[in-house]
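Asker: Kindly produce the complete structure, drawing on both the sequences and the hints.
Here's the letter readout for the chains.
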Amino acid sequence: MTIAPEAPAYTGPIAHLSREDVEQLGRELDAIRQDVLDTRGERDAAYIHKVIKVQRSLELGSRAVLLASIFPPAFVVGTVGLSIAKILDNMEIGHNIMHGQWDWMRDPKIHSSVWEWDNASTSEGWKHSHNELHHTYTNIVGKDNDLGWGIMRVDEEQRWTPATLSQPLMNFINMCIFEYGIAAYDLELGKMRRLKKSGRDMPEGWHEMARNTVKKIRRQAFKDYVAHPLASMVTLSGPTTLLANVTANFVRNVWTHSVIMCGHFPEGVETFELKDIPENETRGEWYVRQMLGSANISGSKFLHLMSGNLSHQIEHHIFPDLPSNRYAEIAPKVRALFDKYGLNYHTAPMPQQVASAWHKVLRLSMPNGFFESTNVRNAPSQFGKLVKAVRGDTRTRRRILKEFEAAGAASVGKAV
Amino acid sequence: MAEISTSTALLSPSKARRPALRERLSRKAWELAETIATPLAPADYLDLFNPLRPGADLRGRIVKVTPETADAATIEIKPGADWEGHTPGQYVRVGVEVDGVRHWRAYSLTHGPRKDGLISITVKAVPDGKVSSHLVRRLRPGRIVHLEQAAGDFVLPSDLRGHKFLMVTAGSGVTPVIGMLRNLFPVTDEGVVEHQRLDVTVVHVAPSRPDSIFIRNLESLAEAGAIRLVTRYTGSEGRLDLDALVELVPDLQERRAYACGPAGLLDTLQSWYDAEGLPLQTEQFRLATVVTSEGGTVSFKDKTVEAAGDKPILDAAEEAGVLMPSGCRMGICFGCVLPMKEGAVRDLRNGELTVARPGETGPEGIPIQTCISAAAGECVIDH
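Protein sequence lines correspond, in order, to chains X and A. What the first sequence shows, in full-length UniProt numbering, is residues 1 to 416, in sequence order. What the second sequence shows, in full-length UniProt numbering, is residues 1 to 383, in sequence order.
Derived by calculation from the structure, the hints in this document are not laboratory data. Hints are supplied without guarantee of correctness; some may be wrong.
[To be verified] The calculated lysine-lysine pairs, modelled on PhoX-like cross-linking and capped at a C-alpha distance of 25 Å, are:
{"no.": "1", "chain 1": "X", "residue 1": "Lys388", "chain 2": "X", "residue 2": "Lys402"}
{"no.": "2", "chain 1": "X", "residue 1": "Lys196", "chain 2": "X", "residue 2": "Lys109"}
{"no.": "3", "chain 1": "X", "residue 1": "Lys360", "chain 2": "X", "residue 2": "Lys340"}
{"no.": "4", "chain 1": "X", "residue 1": "Lys215", "chain 2": "A", "residue 2": "Lys28"}
{"no.": "5", "chain 1": "X", "residue 1": "Lys143", "chain 2": "X", "residue 2": "Lys197"}
{"no.": "6", "chain 1": "X", "residue 1": "Lys143", "chain 2": "X", "residue 2": "Lys215"}
{"no.": "7", "chain 1": "A", "residue 1": "Lys341", "chain 2": "X", "residue 2": "Lys50"}
{"no.": "8", "chain 1": "X", "residue 1": "Lys333", "chain 2": "X", "residue 2": "Lys301"}
{"no.": "9", "chain 1": "X", "residue 1": "Lys143", "chain 2": "X", "residue 2": "Lys53"}
{"no.": "10", "chain 1": "X", "residue 1": "Lys143", "chain 2": "X", "residue 2": "Lys360"}
{"no.": "11", "chain 1": "X", "residue 1": "Lys109", "chain 2": "A", "residue 2": "Lys303"}
{"no.": "12", "chain 1": "X", "residue 1": "Lys53", "chain 2": "X", "residue 2": "Lys301"}
{"no.": "13", "chain 1": "X", "residue 1": "Lys223", "chain 2": "X", "residue 2": "Lys143"}
{"no.": "14", "chain 1": "X", "residue 1": "Lys53", "chain 2": "A", "residue 2": "Lys78"}
{"no.": "15", "chain 1": "A", "residue 1": "Lys64", "chain 2": "X", "residue 2": "Lys223"}
{"no.": "16", "chain 1": "X", "residue 1": "Lys388", "chain 2": "X", "residue 2": "Lys50"}
{"no.": "17", "chain 1": "X", "residue 1": "Lys360", "chain 2": "X", "residue 2": "Lys275"}
{"no.": "18", "chain 1": "X", "residue 1": "Lys109", "chain 2": "A", "residue 2": "Lys341"}
{"no.": "19", "chain 1": "A", "residue 1": "Lys130", "chain 2": "A", "residue 2": "Lys64"}
{"no.": "20", "chain 1": "A", "residue 1": "Lys130", "chain 2": "X", "residue 2": "Lys109"}
{"no.": "21", "chain 1": "X", "residue 1": "Lys275", "chain 2": "X", "residue 2": "Lys143"}
Answerer: Below, the structure is given as structure tokens:
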């Protein structure tokens, strides 16, 4: 590969790398990928078949137990089982099959083109927004809608507005109703509302996609909130079954939201500006963006399974189409490459990552510099200024934001 | 009689209502099952318990694998409840997972319909044959395979009277013929049962006797006087040519002829029979040859596109005006996947070849990612 000599040097966390380094890193990652492809086979197929079998048995068993959920032990067992079944369907099975990780088996039923998951969003819409947009434009502010799902400020460079103050609350609500949040996100509801307001036409095919989503939501909701409780009426377990289904969906929402927050939101994970992305991004450069834009969760095998191996978010983002059961195997090799090239392999236990992600959400809900420059002593005056920034006109706000930024920079400087 | 008919007439309205009600109820129950199973289908759950039940996708369970020769084995399969049966001489397409990947191959059924309801195929492991080696050497009882209904018109006429038969078999071409013979001459503890006065000559060609699948069956049929067996072991006796055949079977022209074997033999026989103006029924499991190269012609439903060997099929098709599904254009999102029915493509990232041979790939073709695949020869894409 010829490298244009006039290409500018890298900046930021890869400033110490030359273009040749980055391409070499890309080749080394390609070799890891090829190793997995060369050994992909019966063992892997057996794995996904087993996970699917376990998930189906668990779901069926739990729903059967819930038919008698008027008895508290049955309620507890059924609810826990159904929650786990729903998480497995969502994470290790649905997410990964729709990534095409199991297409190589040529099993027409376990294939990215036909798989549908137990979720509010249609697989069609999700594959577009997730596989295509998020995985191609990972962590590019304004391009990757996964960054804050269009409702949050996740980078200092994004503009702060008074509305941003509500983002911890927004994130909490989104967590509780996450599957519907994702459905709205797949349909780009926010953008569509703006289009509609300005009197422009919706993109082609959007209405059909919206119709399909509504249909899907109706079917899913009918199953969990009408049909299944109705079937339980025979044993007077209707209300408890309804409660169990609501709980299982809620648990799944909170869990998936938390896992996904750990993937890209923890403090220290890089975000990128479109202007900094080379026009013809090479494979090596794309890899590096994936490496720096993702974070892992360390933990047990059970955690990896329940997170759909998104606990290996870094490996997943580098190789989104390799079978998920291989991520743990190649993680040490990938990590060795991070070390070799002086990059930060971002991993931590789940509570730490979740806390870090929430911290970032909170921090960025405030103007830049606010967190750094606020302490117990000056809190009243800082909040006074914040109120002014919210209430004041644009000029006042801009002035106060500048003050915060300067104070923040100063206090960080002092600390150093 | 009159009374009975009257009572039937009286009964019939309620009789007519009852099944209708039952039908409606079962339809409702099924709809409820579908609702509860969504987004999956009830079948996905029922398959956990009984993959061979009525209404399931057609599958079979391996019951027994019996070695025939050093590199051939007979596989007995219990087919799913919806198996429609077969006529001796027909073949079945079997979908089997080898190293986790599903492959399809066609094999002759080597028994007539059996009382125990099992079907059997006899497979010879061909050198470098991924699937046949797996079937002969690694398949174990209990495994589930995928099936299609029996097919093929390499069968005997329904009325056998007045016919004299010639069957020419070479190598594993004996498999459909043995299916026919076993049906014509069942074997009991007392020996071969010749239940019809038939005049059958079998000409069997193989490199050697130990290489011949079913040679013992053929020999015992011959000993019992059921067939006339002519063997030709090419390893020691040389190739079988037409002059030799005419000599071996003097009444060749009077016999209704069947032949199954490699292409060379069949082509030779066919042209001779054509020249004589006589009918010949042939069967061949030809490995469709796929010629691979750099680049090639890619056929879509409405258009044919020339694609270079270093260019993604997606780009080549779009430039030629074919409306294509697409996504990330770098092989990660699987938004551009389309089924290839026939042909070969090369993965531009690592050079790996993917080949689709008609008859060997699944009924849906092999799905390929058009954004990272380049034509490696002629391809047919279902789009």
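Asker: Give a verdict on every hint.
Answerer: How the hints compare with the structure:
1. X:Lys388 x X:Lys402: This hinted pair holds, its Cα atoms lying about 13 Å apart.
2. X:Lys196 x X:Lys109: violated, 39 Å
3. X:Lys360 x X:Lys340: Violated, because 29 Å separates the two Cα atoms, which is more than 25 Å.
4. X:Lys215 x A:Lys28: Given pair lysine 215 of chain X, lysine 28 of chain A holds - Cα atoms ~20 Å apart, limit 25 Å.
5. X:Lys143 x X:Lys197: Holds, because 22 Å separates the two Cα atoms, which is no more than 25 Å.
6. X:Lys143 x X:Lys215: With a Cα-Cα distance of about 28 Å, the restraint between lysine 143 of chain X and lysine 215 of chain X is violated, given a limit of 25 Å.
7. A:Lys341 x X:Lys50: violated, 30 Å
8. X:Lys333 x X:Lys301: Answer holds: lysine 333 of chain X to lysine 301 of chain X is near 18 Å, not above 25 Å.
9. X:Lys143 x X:Lys53: Roughly 38 Å between the alpha carbons, so the hint for lysine 143 of chain X and lysine 53 of chain X is violated.
10. X:Lys143 x X:Lys360: holds, 20 Å
11. X:Lys109 x A:Lys303: Violated: lysine 109 of chain X and lysine 303 of chain A sit about 29 Å apart, past 25 Å.
12. X:Lys53 x X:Lys301: With Cα atoms ~18 Å apart, lysine 53 of chain X and lysine 301 of chain X stay inside 25 Å; holds.
13. X:Lys223 x X:Lys143: With a Cα-Cα distance of about 36 Å, the restraint between lysine 223 of chain X and lysine 143 of chain X is violated, given a limit of 25 Å.
14. X:Lys53 x A:Lys78: Answer holds: lysine 53 of chain X to lysine 78 of chain A is near 23 Å, not above 25 Å.
15. A:Lys64 x X:Lys223: Since the Cα atoms of lysine 64 of chain A and lysine 223 of chain X sit roughly 43 Å apart, the hinted pair is violated (cutoff 25 Å).
16. X:Lys388 x X:Lys50: Answer violated: lysine 388 of chain X to lysine 50 of chain X is near 59 Å, above 25 Å.
17. X:Lys360 x X:Lys275: Distance of about 23 Å is within 25 Å: holds.
18. X:Lys109 x A:Lys341: Judged against 25 Å, a Cα distance of about 18 Å means the pair holds.
19. A:Lys130 x A:Lys64: holds, 20 Å
20. A:Lys130 x X:Lys109: Judged against 25 Å, a Cα distance of about 23 Å means the pair holds.
21. X:Lys275 x X:Lys143: Holds. Lysine 275 of chain X to lysine 143 of chain X sits at ~11 Å (cutoff 25 Å).
Hint violations for this structure: numbers 2, 3, 6, 7, 9, 11, 13, 15, 16, all remaining hints satisfied.
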